[in-house]
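Colleague: Go by the hints and put chain B onto chain A.
Line by line, the protein sequences are chains A and B. Residue 212 is where the first sequence starts when you use our numbering, and the numbers rise one by one after that. Residue 62 is where the second sequence starts when you use our numbering, and the numbers rise one by one after that.
Calculated directly from the structure, the hints in this document are not laboratory data. Any given hint could be a false lead.
Chain B is faced by these chain A residues, among others (derived, beta-carbon under 10 Å) [as the list claims (entries may be wrong)]:
#1 D247
#2 D290
#3 M423
#4 M425
#5 G427
#6 K447
#7 T468
#8 M469
Covered stretches of chain B, as calculated for chain A (at least 3 residues, CB under 8 Å) [unchecked claim]:
#9 92–104
#10 221–229
Each residue gets a CB set at the ideal place from its N, CA and C atoms; glycine is no exception.
Residue-level listing of the chains:
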Amino acid sequence: MSQGKVLIIGGGPAGLEAARTVADLGYPVVLVEKRDRLGGTPDAVHYAQLTHHFRDAGEVMAELVAAITDNPNVEVLTDSQVVACEGEAGNFRVTVQNGAGPKTVEAGAIIVATGFQHFDPGRETQYYNYYSFPDVITIADLEGMLRAHQVVRPSNGETPERIAFIQCVGSRDRQIGNEFCSKVCCGIASKQAIEIKRLLPDSRVFIFYIDMRMYGYWENELYWPAQEQYKVNYIKGLVSEILPKGDRLLIRGEDTTMGRPMEVTVDLVVLSVGMEPSTGTRAMAGLLGLEQNKYGYIAAGGPTGVDPVATSRPGIFVAGAAAGPADLDDSFSMAGLAAARAIATLRRAG
Amino acid sequence: MTDWNPGKVVDRYPDVPYEEKQRLFLEIKEDPRYEDYLYGCYECGICVSACPSARFYDYSPRVIAQAMAREDVDRIYEILIEDIWNCAQCFSCVRCPRHNNPGGLVTLIREVAVRNGIQETRDVLQGYSRVIYKVMLKGNQVSPDMLQPDFFPDWGPWVREFSENMQVWRQAIPVDTLRGVTDAAWRTDDKTLRELYTIWFETGNIEIIQEVDEGLYELLVDVMEEELEEWEEEV
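Excised from the complex, chain A in its bound form (with noise of 0.2 Å):
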């Protein structure tokens, strides 16, 4: 058996998951992560429930984390970060640096789970004033509040009794050049207003989308439960502009399958901001020259364009959202035969 090692960069889902693997199967670890603390962004970002039945995303992600705690074949690099890479395919010298100093890591193989960073509503132009009115917040602020339980308006911490989200901000839109579906934001909007309608019983909640992704199981599970059980009312039309009025906020847009415009008066704005590569993942690509697509994130598929966790460089796979828009599934999927192909690599130069 090869002694190598396999290196994963980052400590959310996918590196979690991947670190996982490789040690249950037997190879040693090292996971560099750039905060002081594993648990990615579900962990940052103060996630609420995840759209797996509802779960508490703390506890999920604690134990994924607790997997690889004290787990022998597992190192753990905290506050640390990749800066320099040479080398190829079974013989990597990576140097990861932190408030130690420079350290050389020994690795055969690479896996990249640096994941996305969502989308900032702010930028290029001022997407329906997030910056300037307190009640338009991001599905990742409301996580937060949700997390808290107490989901209130910023302006004035009162309880909201309209709450619209607005779909697809920063996702399929050529203007801002992010041409792709950022694919969960669908779910996690559907997730959100279950879980405001089971706070706030008497609440209203509104979501504008252009299509509604209800891949596979979500349908049942999230959107028919969010419609035919909390009420919640799906308008198909986005909005096109915010206003103020009196001290709550006005929304354009049209009732496209009812044929007519409309202005909604609502208390509560949530984007359902998309997925962006995060700058983890645009660093992580160029210093170890991976090619990337038009929107940033590492290209996957390999030259067969059917090996998703291959990239452009020999030894080095990528898992979960750095490689494009991903779920937990798709991540945890994408980890596990990231963790298989790394071994593989491993075993040939051994």
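Modeller: Positioned in the frame of chain A, the structure of chain B alone reads:
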């Protein structure tokens, strides 16, 4: 809680107070059948595709379901006054993949309109007095010779030719039971009639007629009571 009320919509009935529209909406929504008739709508349009009325009239079962789901009371009031009378109650729309029943919603809305004796509802039903009269007294409303080409576009382009030649064509059909049906449709035997009248009284149907047409109501009650009294005397 406030309403849906999208501001730019032209309200076709601005003189009717919002509270009155809201009251009627709640009466529809509180019907115990409502929950089984409207689950959720993803606005696919299969109900419209299946709906014969939608081909000929400005009518959409999808809009009925959507307006109810949005709790759009202004639009629902329009539906109560206008749209529901374009539905033929054929229930082709129940092929909805979400298992909604827009035709059933129309039934509920019609019942609320009639129960509340809305003036427009009375006006609409005025033209149906003869039909109601026949249905209530004979248990049958349409006989083939009532086909009028101008009012039955959904019967297809050949309805005119059919109506013009019906007598001849029917005589040409060599089946005894069909030959005389144009006038036999309203010949109902006494036992059936008496049972029918008993049902109208016992179920409260006759009181619904009273809400929309007092004169017709009195006429019907006279005939039916006389028939039932005759029956009691025989018994």
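Colleague: For every hint, state whether the structure bears it out.
Modeller: Hint-by-hint comparison with the structure:
1. Checking A:D247 against chain B: minimum C-beta separation of about 45 Å lies over 10 Å; hint violated.
2. For the restraint placing A:D290 at the interface with chain B, the shortest Cβ-Cβ distance is roughly 48 Å, beyond the 10 Å limit, so the hint is violated.
3. For A:M423, the shortest C-beta to C-beta distance to chain B is roughly 8 Å, which falls under 10 Å, so the interface hint holds.
4. Because the smallest distance between the Cβ of A:M425 and any Cβ of chain B comes to about 9 Å, under 10 Å, the interface hint for this residue holds.
5. Of the supplied interface hints, the one on A:G427 is violated, with its beta-carbon coming no nearer than about 16 Å to a beta-carbon of chain B, more than 10 Å.
6. The interface hint given for A:K447 holds, since its Cβ lies 6 Å from the closest Cβ of chain B, which is under the 10 Å cut-off.
7. For the restraint placing A:T468 at the interface with chain B, the shortest Cβ-Cβ distance is roughly 4 Å, inside the 10 Å limit, so the hint holds.
8. Using the Cβ-Cβ criterion of 10 Å, the hint placing A:M469 at the interface with chain B is satisfied: the shortest such distance is roughly 6 Å.
9. Only residues whose beta carbon comes within less than 8 Å of a beta carbon in chain A count, and the segment 92–104 of chain B has 5; three or more means the coverage holds.
10. Only residues whose C-beta sits within less than 8 Å of a C-beta in chain A count toward coverage, and the segment 221–229 of chain B has 0 of them, not enough to reach three; the restraint is violated.
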